[in-house]
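Chemist: Chain by chain, the residues run as shown.
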Amino acid sequence: DSGVTQTPKHLITATGQRVTLRCSPRSGDLSVYWYQQSLDQGLQFLIQYYNGEERAKGNILERFSAQQFPDLHSELNLSSLELGDSALYFCASSVTGLPLHFGNGTRLTVT
Amino acid sequence: AQRVTQPEKLLSVFKGAPVELKCNYSYSGSPELFWYVQYSRQRLQLLLRHISRESIKGFTADLNKGETSFHLKKPFAQEEDSAMYYCALSNTDKLIFGTGTRLQVFP
Chain A
379 DSGVTQTPKH LITATGQRVT LRCSPRSGDL SVYWYQQSLD QGLQFLIQYY NGEERAKGNI
439 LERFSAQQFP DLHSELNLSS LELGDSALYF CASSVTGLPL HFGNGTRLTV T
Chain B
5 AQRVTQPEKL LSVFKGAPVE LKCNYSYSGS PELFWYVQYS RQRLQLLLRH ISRESIKGFT
65 ADLNKGETSF HLKKPFAQEE DSAMYYCALS NTDKLIFGTG TRLQVFP
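Chains as they are written, first to last, in my numbering: chain A, 379 to 489; chain B, 5 to 111.
Bound conformation, chain A alone (with noise of 0.2 Å):
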């Protein structure tokens, strides 16, 4: 067990629609990452909170938003979802810097 959890495991909706996925990193990580994996395109880095704080943004669509709570939990939202959308999408945390410790996913199926 990495000690960083995520919520829902798997989450099923519609096109257009708009979800949340939940992450607590693990206890005294400060950086919460988050990655999509999908089978096209591999696994992609879409942004990164530091203690409450954007740090580092990547692929991530505007229809996606992220933010890192007081509690250092982190919210992924994605918004006007299409079937594209449909992965895996990972959080991971790091107290700083790098190794990187993974949450077991949430799975996003968009029918």
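No wet-lab data here; the hints were simulated from the structure.
Please note that the accuracy of each hint is not assured.
[Said to hold, decoys possible] Chain B regions said to be covered by chain A (calculated; three or more residues, Cβ under 8 Å):
id	segment
1	46-60
2	98-107
[As the list claims (entries may be wrong)] What follows is a list of derived Cβ distance ranges for each label pair:
id	chain 1	residue 1	chain 2	residue 2	range
3	A	SER458	B	SER16	35 to 45 Å
4	A	SER457	B	GLN46	21 to 31 Å
5	B	SER44	A	ASN455	21 to 31 Å
6	A	THR383	B	GLY70	34 to 44 Å
7	B	PRO11	A	GLN445	31 to 41 Å
8	B	GLY70	A	THR391	43 to 53 Å
9	A	ILE390	B	THR96	30 to 40 Å
10	B	LYS13	A	HIS388	23 to 33 Å
The C-beta atom is built at its ideal place from N, Cα and C for all residues, glycine as well.
Got chain A sorted already, so can you dock chain B onto it with the hints?
Modeler: Here is chain B on its own, set in the frame of chain A:
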């Protein structure tokens, strides 16, 4: 641009055979490289990092700066090694992943 290339999508071997999973990178500075493993739809787990120079589950990887490679090797594959393997490069404090190689070890 920083990039990690894993040229093989799938590598199939028989139990007891040697394994080499290839990873090449492009990076302008001094890279820090990692191998992560993902067993059957589970979370990614750190397998190796080059600075620790250790062997985990019989796997080793050597950073070759001249060839910009960080290939993962194991002399005798086991069935339980079947998984997705991702090579990753650190860019400040985030990881850039390759597309992964699926290792299948047949009995």
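Chemist: For which of the previously enumerated hints does the structure constitute a violation, in increasing order of number?
Modeler: none
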